[in-house]
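Full structure from sequences and hints, please.
In case you want the letters, here they are:
Protein chains: 2
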Amino acid sequence: MNHLQLIPLANLPLIQPGDDLAGLIFASILTGGIKLTNNDIIVIAQKIVSKAEGRLVRLAEVTPSAQAQELVRLTGKPAALIEVILWDTAEIIRVRQNVLIVQHKLGFISANAGVDHSNVSREADVLLRLPQDPDASAHTIRQRLGELSGVRPPVLIIDTHGRAWRRGAVGVTIGLSGLAPVQDLRGTPDLFGQPLQVTEVGLTDQLAAAASLVMGQAAEGCPVVIVRGLSFRPDEQARAADVLRPRETDLFR
Amino acid sequence: MNHLQLIPLANLPLIQPGDDLAGLIFASILTGGIKLTNNDIIVIAQKIVSKAEGRLVRLAEVTPSAQAQELVRLTGKPAALIEVILWDTAEIIRVRQNVLIVQHKLGFISANAGVDHSNVSREADVLLRLPQDPDASAHTIRQRLGELSGVRPPVLIIDTHGRAWRRGAVGVTIGLSGLAPVQDLRGTPDLFGQPLQVTEVGLTDQLAAAASLVMGQAAEGCPVVIVRGLSFRPDEQARAADVLRPRETDLFR
Chain D
1 MNHLQLIPLA NLPLIQPGDD LAGLIFASIL TGGIKLTNND IIVIAQKIVS
51 KAEGRLVRLA EVTPSAQAQE LVRLTGKPAA LIEVILWDTA EIIRVRQNVL
101 IVQHKLGFIS ANAGVDHSNV SREADVLLRL PQDPDASAHT IRQRLGELSG
151 VRPPVLIIDT HGRAWRRGAV GVTIGLSGLA PVQDLRGTPD LFGQPLQVTE
201 VGLTDQLAAA ASLVMGQAAE GCPVVIVRGL SFRPDEQARA ADVLRPRETD
251 LFR
Chain Z
254 MNHLQLIPLA NLPLIQPGDD LAGLIFASIL TGGIKLTNND IIVIAQKIVS
304 KAEGRLVRLA EVTPSAQAQE LVRLTGKPAA LIEVILWDTA EIIRVRQNVL
354 IVQHKLGFIS ANAGVDHSNV SREADVLLRL PQDPDASAHT IRQRLGELSG
404 VRPPVLIIDT HGRAWRRGAV GVTIGLSGLA PVQDLRGTPD LFGQPLQVTE
454 VGLTDQLAAA ASLVMGQAAE GCPVVIVRGL SFRPDEQARA ADVLRPRETD
504 LFR
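Line order of the protein sequences matches chains D and Z.
All letters in the first sequence, in the order written, are residues 1 to 253 by the working numbering.
All letters in the second sequence, in the order written, are residues 254 to 506 by the working numbering.
No lab work stands behind these hints: they were computed from the structure.
Some hints could be false.
[Claimed, not checked] Now the in silico label distances, taken between C-beta atoms and shown as ranges:
hint: 1; chain 1: D; residue 1: 58; chain 2: Z; residue 2: 340; range: 50 to 60 angstroms
hint: 2; chain 1: D; residue 1: 146; chain 2: Z; residue 2: 292; range: 15 to 25 angstroms
hint: 3; chain 1: D; residue 1: 143; chain 2: Z; residue 2: 322; range: 52 to 62 angstroms
hint: 4; chain 1: D; residue 1: 28; chain 2: Z; residue 2: 379; range: 44 to 54 angstroms
hint: 5; chain 1: D; residue 1: 76; chain 2: Z; residue 2: 284; range: 54 to 64 angstroms
hint: 6; chain 1: D; residue 1: 60; chain 2: Z; residue 2: 326; range: 39 to 49 angstroms
hint: 7; chain 1: D; residue 1: 73; chain 2: Z; residue 2: 267; range: 24 to 34 angstroms
hint: 8; chain 1: D; residue 1: 95; chain 2: Z; residue 2: 284; range: 36 to 46 angstroms
hint: 9; chain 1: Z; residue 1: 292; chain 2: D; residue 2: 73; range: 18 to 28 angstroms
These figures come from a predicted structure and were not determined experimentally.
From the three backbone atoms N, C-alpha and C, an ideal C-beta is built for every residue, glycine too.
Next comes the structure, spelled out in C-alpha cells:
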C-alpha cells in the first residue's frame, strides 16, 4: 500500500489579477524539483484563482439594495458585504446575528456565498468573490499545465466551509477537472464478501480537507498542494456540482 | 514547508473481541520499520476499536421495542437494526424512507447512530456499535502505545459521516487523545497583517478525512494510518465532543 503524500508548492508569488496562474504554478513545480505525473492531483485554493481572475470588489463601489439593508439589521454585517453576497446568492438558507448562510448560485450551501474578506489585499475594503465558473477555471488551468508539462493530472479548486452540527471549517471542492467528487462503492463487496450497502465516498472533499491541512488557513500562505500516491479513476465528465444533494433529498435546508 | 505523509499500517490482522489493539498496532509499526515519534498522529478506524472492545450485537438476540416497530414503517429498515440504533440515540433528527439520522448519546449527529453492518464479521446478522467512550478508548490505546514505544503521539478514532447538503461520506473524529479537534485562528493576522474574522479550523476532522482516503472504505482493509509532518500543539484536555456545535447555535436540527 502506498504512502499518500501532500506536497506544498513553495515559492509561489502573491497572485495578482491577470496573472497566468497555471504558468506560475508550473514555474513553482520546476523550481521545487517536482516531477509531475498523471497520477498526481493538483489542489488549488479558491482564493488565488479568484484573484488571478480579478474577482475583487471594492466595498466603496457597492450600492446596497433594500434587501441588503434589511439583512444588516438581522445579521449585523456591513451592508456592502451583504450586497456582494446577494449578487452570488440563489437562496437564503439561515439568517441570525452574525450568520448568513446561503445557497450560492453555483449550488453550494455555505456562509456568505464564499465572499471573502481576509488575505485578499493590502487594502482593507476589498472583497473577493468565488470564480465565476470554478469547473471552467480548473479545466483551463489543467489544459494550460498540460501544455507546459506534458501531463494532465486532475485539478481541484477548494474552499473551506463550515458545517451543520460540527464546529470548524473544512476544505471542500468547489471546482474540478478530471476527477469525480463522489465515488460510489455501493455493490463493492466488503472484507467478508458481503455487498456493501451505502458507501458513497466524498472523494474530492476528503482530498480538499487533506490539502487544506497543508495549506493552513492564515499567514502560512501555501495555496497549492500536490497529492501523490492515491489511486483514482480519471473522469473527464465530472463537475463539482455532482457532489450536491438533489433538493428533494436534502433534509437540512 | 514539510510534506505531509499518510502512512498506512500494513499487516494488521483482523481484529477480534478482546484483542490488545495497541499491542497489535505496535507490532505492525515495528514490522513496517516505522520509527514512531511524538510529532506523528495515529488515526484508527472506529470499526477495529469497537471490535476489540466487543461491541458486536447479534440481530437474533435483539427484541425490537414498539418505537422501533413504528420506525420500521417510516424507514423500511429492519426492526432489530433500528432497536440497536435506538439504544445509542439521544434524539431522532430526521426520519424518511431508508433514512434515520439521529444524535448519538455521545453527541454526534449521523445516520444510524454509527451502528454498522459491513466489514463486521463473516456472520451476516452481526452489528457493530460505536465504542462506549471513544475518548477513553483513544486515551487507553495512546497510554499503552506509549508504554510499548516510549513516545505518546496523539491518537484519533474516526468514523465516516454523511453530510447535510453534500453527497459522499467523509472521515470525522469521534474519539481522541492529545489533540484538540478545533483550532481557533481568530485573531491571527492574515497575510497582510489584518486580523482574521472567523477561522475555526476543523483540524482533527480534516485529519480524519485525509486518513479515510488512505484507509479506503471497502475491501482494502487498512484501518490504521500514521500522519507525519503536520505541526500541531498537543492538548491533553481535549475531547472529541469539543467539535460539537452547542445546541443553541446549531441551526440545522
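Taking the hints in turn, this is what the structure says about them:
Against the hinted window of 50 to 60 angstroms, the Cβ-Cβ separation of residue 58/D and residue 340/Z comes to about 57 angstroms, which satisfies the hint. One distance hint, 15 to 25 angstroms for the beta-carbon pair residue 146/D and residue 292/Z, is violated here, with the actual separation near 37 angstroms. As the Cβ distance of residue 143/D to residue 322/Z is approximately 57 angstroms, the hint placing it in 52 to 62 angstroms holds. In this structure, residue 28/D and residue 379/Z meet the distance hint of 44 to 54 angstroms, their C-beta atoms being roughly 51 angstroms apart.
Checked against the hint of 54 to 64 angstroms, the C-beta distance between residue 76/D and residue 284/Z comes to roughly 57 angstroms, which is consistent with it. At roughly 59 angstroms, the beta carbons of residue 60/D and residue 326/Z sit outside the given window of 39 to 49 angstroms. Distance hint for residue 73/D and residue 267/Z: a CB-CB separation of about 60 angstroms, inconsistent with the stated range 24 to 34 angstroms. A hinted range of 36 to 46 angstroms is violated for the C-beta pair residue 95/D and residue 284/Z, which are about 55 angstroms apart.
The supplied range of 18 to 28 angstroms is broken by residue 292/Z and residue 73/D, whose beta-carbon atoms lie about 49 angstroms from each other.
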